[in-house]
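Student: Using the sequences plus the hints, can you model the full thing?
Chains as they are written, first to last, in the working numbering: chain R, 128 to 245; chain D, -5 to 184; chain Y, 14 to 439.
Derived from the structure by calculation, the hints contain no laboratory data. Yeah, the Cβ is synthetic: ideal placement off N, Cα and C, and Gly gets one too. Warning: the hint list may mix true and false statements.
[Unchecked claim] Just a few of them, taken from the derived set where beta-carbon distance is under 8 angstroms, the chain D residues facing chain Y:
hint : residue
1    : Phe31
2    : Val34
3    : Leu58
4    : Gly62
5    : Leu65
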Amino acid sequence: MQPLLANLLTEPVGVSHYLIVGAVLFVCGVLCMATKRNALGILMGIELVLNGSNLNFIAFGSPYLRNDPGTIGLDGQLMSLFVIVLAAAEAAVALAIALNFYNSFSSIDVDRADQLQG
Amino acid sequence: MEPPIYWPSFFFLLFSAIACAFAVAVVLSANIVRMAFYLVMSLAGTAGLFFVAGADFVGAMQLLIYVGGTLVLLIFGVMLTSQDRFISMKTNSFEMGMAAGIGACLLALLVWAAVSVPEWRGLDRATAEAVPLQPTATPIGMGLLGVRVDAPDKSGYLLIFEIISVHLLVVLIGAAYLARTRQRRRPMAG
Amino acid sequence: MAQFFSDYTWPWLAYTLAALVHIALLLNLVAVAALLFIWLERKISARIQDRLGPTRVGGKFGWLQTLADGLKLLTKEDLMPGGADAFLFRLAPYISFCASFSVFMAIPFAGGQYPFVAIHLNVAVFFILAVLGLEVFGVILAGYSSASKWSLFGAMREAAQVVSYEVPLGLCAVVPVMLAGSMDLVYIGDRQAGGFWNWYLFHDPFTFITFWVYFTCATASVNRAPFDLAEAESELVAGFHTEYSGLRWSFFFMAEYGSMLAVSLFAAILFLGGWHGPLPLAAWLDWTFDHGFWHGIAGNVLGTLNMLAKGITGAAVMMWIRWTLPRLRIDQVITTCLKYCVPIAAVMFLGAASWQYAMPGRTFFGLVGLSPAAYQLAELRPTVDTESTAPTKDGSPDREEQSAAGDEDPVELQSSVAIMTRDDQR
Chain R
128 MQPLLANLLT EPVGVSHYLI VGAVLFVCGV LCMATKRNAL GILMGIELVL
178 NGSNLNFIAF GSPYLRNDPG TIGLDGQLMS LFVIVLAAAE AAVALAIALN
228 FYNSFSSIDV DRADQLQG
Chain D
-5 MEPPIYWPSF FFLLFSAIAC AFAVAVVLSA NIVRMAFYLV MSLAGTAGLF
45 FVAGADFVGA MQLLIYVGGT LVLLIFGVML TSQDRFISMK TNSFEMGMAA
95 GIGACLLALL VWAAVSVPEW RGLDRATAEA VPLQPTATPI GMGLLGVRVD
145 APDKSGYLLI FEIISVHLLV VLIGAAYLAR TRQRRRPMAG
Chain Y
14 MAQFFSDYTW PWLAYTLAAL VHIALLLNLV AVAALLFIWL ERKISARIQD
64 RLGPTRVGGK FGWLQTLADG LKLLTKEDLM PGGADAFLFR LAPYISFCAS
114 FSVFMAIPFA GGQYPFVAIH LNVAVFFILA VLGLEVFGVI LAGYSSASKW
164 SLFGAMREAA QVVSYEVPLG LCAVVPVMLA GSMDLVYIGD RQAGGFWNWY
214 LFHDPFTFIT FWVYFTCATA SVNRAPFDLA EAESELVAGF HTEYSGLRWS
264 FFFMAEYGSM LAVSLFAAIL FLGGWHGPLP LAAWLDWTFD HGFWHGIAGN
314 VLGTLNMLAK GITGAAVMMW IRWTLPRLRI DQVITTCLKY CVPIAAVMFL
364 GAASWQYAMP GRTFFGLVGL SPAAYQLAEL RPTVDTESTA PTKDGSPDRE
414 EQSAAGDEDP VELQSSVAIM TRDDQR
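Tutor: Written as structure tokens, this is what we have:
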């Protein structure tokens, strides 16, 4: 078992390294969604989360990072393609909603969307 | 003598530093346009990581769609905050601290999961250099058409491709319908 | 090239040197092209619009004027508006320039077995379209951070325009990709070898129209008149670069001229045969790699000149259009895109696809059989050249180089797989 951080420059990186980067992106996205009050900020958080998951798909499918039969091969890349496309679609709808929200409230502060609280 | 630098690792470090640093900057920034800028940089860094992992088609796709899509986000950010241009919506520090705590726990969990499998630590150098270079554009295109040239025993993605195409069409129409201009109504409430 | 250097020095230095040579060549190309285009633009505008100054200005053919311009820009005071977002304001010109410059990394200047290209990308068409779209990013940041309404207006117009014109631009670029069956620009260029009747411009009536649609959209997407709404000086002072001066402003200028050249070169490869001249001169002179390495290099130099001539011609035509036509209104610009260019491009795409079925293996509007030379040249070259560097953004070596360096087996395997799948498709 190779050490994780030693020889980082002279030895190939593995799936683990990619997963760690993906985890950082994911956590940043979750924090973004949790703390931002701006609707567009929340949307950006979602993009970060999706991006982190994409990175995991790519890492698990890459032949350079792990050469056992367990690698998912091209399926990982195809999956991340679908994620990218669906993220674009999701962004379009979310932006349309944000625009509508702005039309009614003159603001995109999501804390003001409290009309259904009764 | 020091062994020579393994370049893919070097570029992995470079791009992952870009991606992670700008992702953190997105969280910490309060200005929406700067957030969008940091997000674009983070996404571009991720595209670089895709290239390093050998997924050149997906990397280019990421640049084209994701980064381009975020551009539109940026435009909206500019448009919707135009009445007070450098507007920033601050989060109070208690919420920020709590989120940071939860985030740290989540990160610790994920990192622990990532490093716990020994097979994921990577190949040794000789093996990695012996892995042949595989072009991905043609197999991906064929895979989307339902023929797998890379793994003949696996199934293709034709149906999913069609479903996503229809989905995109619906989304386009729906978004255009939602966002179309209509005559000004009175603001509903406060 | 890294292989060449590594015979003499350490590998890491060899890679660095190779990358530096590529970067220096391309940077020179962009900078010299910008100088040349400024001069050309003056001359063309003067001839078309009867402007007296540029036809009489000092030096042989007025080259001193360009020099004086450069000096003036260098010595100008670097201003920043009081309310500006300083960080983004400083960054914006460089983003624009980087995006415009990065396009050149994937553009091949000659093909054959050892193509003249900084990064031999398998998905070069896609990469170029993606990076071209990033240029607008710097413009938007500039417009936003200048804290000026003119800048903001200009940036919003540019954003709307570029984002909508990317759709027909992509649709047009897909047509040659479909004909060649690859997104590799070297492959696409070499499939058009052997005379102008093999160019995709003349492949069939649909591609002929596609080229003109492409050229319109390219003009719009690099913001040249009559589509230069972003800097409409009669309405918006100077648009997004109103607040810029001196060197930063000149970076925007270089970015504009750089992307003009880039889209022209891109058009040259996609439709105009790339580095293959109207007549197969290099083949007649035996300047191919079949006759030895240096013969091939000579042919490639000739091809590079061909490419540059086509690129400069394209840019000159854009200037001609700029000084001839009046500027459109913003609604007319968007109408041109969405109501005319997109449907026409879509129909041309379908038409070219059906033409492929109706007349397979024929070219020049179906009159001439495709010459075997074109197939041969394109199929023979290795899929991934040892010369090429990694598909990373800064032209640096990567694992592809190292894995392709040692043995030829995987390479041959790949090209046979590629050919096989292509045959499947037919």
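Student: Take the hints in turn and mark each one as holding or not.
Tutor: Quick rundown of the hints versus the structure:
no.	hint	in the structure
1	Phe31	holds, 7 angstroms
2	Val34	holds, 7 angstroms
3	Leu58	holds, 4 angstroms
4	Gly62	holds, 5 angstroms
5	Leu65	holds, 6 angstroms
Consistency with the previously given hints is maintained throughout, with no hint failing.
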